[in-house]
Amino acid sequence: MCSSLELAQKLLGTYLVKSDSNFVIAGEIIETEAYDQFGDEASHSFRGKTKRNDVMFRSGGYLYVYFTYGVHYCCNVSADKEGRGAAVLIRGLKPLTGIDEMIKRRYSTNKVTEKQKANLVNGPAKICQAFNINMSNNGLDLLTENIYIARGNLDSIYSIKASQRIGISKSKDLLWRFTADV
DNA sequence: ATCAAGATTACCT
DNA sequence: GGTAATCTTGATA
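The first sequence stops at residue 305 when you use the working numbering, and every number in between is there.
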């Protein structure tokens with residue numbers, strides 16, 4: 124598996140999919156951030172392996188879920204090789220399938236304003252809420268389980284824009300946030 | 001044992 | 001633009 128920097132860009136345009144018993148929900152990944160063990164003080168893995176960040180140190184393709192601010196879950200895809208603490212935070216999606224289900228989970232109603240619709244999955248914790256991803260999914264193998272990444276329509280190639288990562292205080296200068304521009 | 005900070009969000013002015 | 005909500009982790013003693 125490639126580095127987190129590389130993976131963060133490769134994931135743009137792919138689909139994050141979760142199949143539950145009665146439905147499938149999916150969104151196209153349009154915003155990501157790379158985190159790495161070395162040279163990146165903002166990374167959970169910067170000070171080495173712990174119980175919490177263990178999944179970051181696995182080889183690429185595992186789901187790393189963490190709980191933060193006492194409220195929110197965020198999900199990442201582990202990157203790089205075994206022993207290297209690297210991952211990509213999924214920050215933004217374009218809703219594709221199972222939108223009603225996402226709305227229900229986010230707003231516990233099926234009637235929403237345009238504004239709410241626009242804010243459905245445009246943040247890492249919002250995605251976890253809409254997909255019902257939590258610590259029980261931490262360490263899940265994205266190759267064999269009910270949450271996975273699907274290759275999208277290759278026609279939809281965006282220009283990739285790099286920028287500063289959101290919500291961090293250290294290593295702010297790194298341009299490791301990637302967005303898909305139409 | 002204690003404590004500060006946190007890869008966020010929603011709601012307020 | 002500011003802030004409360006809310007709790008776990010990791011660092012320090």
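There may be inaccurate statements among the hints.
[As the list claims (entries may be wrong)] FRET-style restraints, in silico, Cβ to Cβ:
1. Thr173 with Asp304: 20 to 28 angstroms
2. His195 with Lys293: 15 to 23 angstroms
3. Ser292 with Lys240: 30 to 38 angstroms
4. Phe146 with Ile289: 27 to 35 angstroms
5. Gly171 with Ile283: 36 to 44 angstroms
6. Ile280 with Ser142: 38 to 46 angstroms
7. Gly162 with Thr236: 22 to 30 angstroms
8. Asp264 with Ala285: 26 to 34 angstroms
9. Ile280 with Thr173: 15 to 23 angstroms
10. Ala273 with Asn233: 25 to 33 angstroms
11. Ser259 with Gly171: 22 to 30 angstroms
12. Phe146 with Arg274: 17 to 25 angstroms
[Said to hold, decoys possible] Under the rule of at most 16 angstroms between Cα atoms (straight-line distance), these lysine to aspartate or glutamate pairs were calculated in the EDC-like manner:
13. Lys293 with Glu129
14. Lys240 with Glu224
15. Lys227 with Glu237
16. Lys284 with Asp304
17. Lys295 with Asp143
18. Lys284 with Asp143
19. Lys204 with Glu129
20. Lys234 with Asp223
To be clear, the hints were calculated from the coordinates, so they are not data collected in a lab.
Glycine residues also receive a C-beta, built at the ideal position from the N, C-alpha and C atoms.
Against the structure, the hints:
1. Thr173 with Asp304: 20 to 28 angstroms: 36 angstroms, violated
2. His195 with Lys293: 15 to 23 angstroms: 20 angstroms, holds
3. Ser292 with Lys240: 30 to 38 angstroms: 32 angstroms, holds
4. Phe146 with Ile289: 27 to 35 angstroms: Holds, at about 30 angstroms.
5. Gly171 with Ile283: 36 to 44 angstroms: Since the Cβ atoms of Gly171 and Ile283 sit about 31 angstroms apart, the hinted range of 36 to 44 angstroms is violated.
6. Ile280 with Ser142: 38 to 46 angstroms: Hint violated: Cβ distance 26 angstroms, outside 38 to 46 angstroms.
7. Gly162 with Thr236: 22 to 30 angstroms: 42 angstroms, violated
8. Asp264 with Ala285: 26 to 34 angstroms: 29 angstroms, holds
9. Ile280 with Thr173: 15 to 23 angstroms: 38 angstroms, violated
10. Ala273 with Asn233: 25 to 33 angstroms: 26 angstroms, holds
11. Ser259 with Gly171: 22 to 30 angstroms: 25 angstroms, holds
12. Phe146 with Arg274: 17 to 25 angstroms: 21 angstroms, holds
13. Lys293 with Glu129: Violated, at about 21 angstroms.
14. Lys240 with Glu224: 12 angstroms, holds
15. Lys227 with Glu237: Holds, because 15 angstroms separates the two Cα atoms, which is no more than 16 angstroms.
16. Lys284 with Asp304: Given pair Lys284, Asp304 holds - Cα atoms ~7 angstroms apart, limit 16 angstroms.
17. Lys295 with Asp143: 37 angstroms, violated
18. Lys284 with Asp143: 33 angstroms, violated
19. Lys204 with Glu129: 13 angstroms, holds
20. Lys234 with Asp223: Holds, at about 10 angstroms.
Hints 1, 5, 6, 7, 9, 13, 17 and 18 from the earlier list are contradicted by this structure; the remaining hints agree with it.
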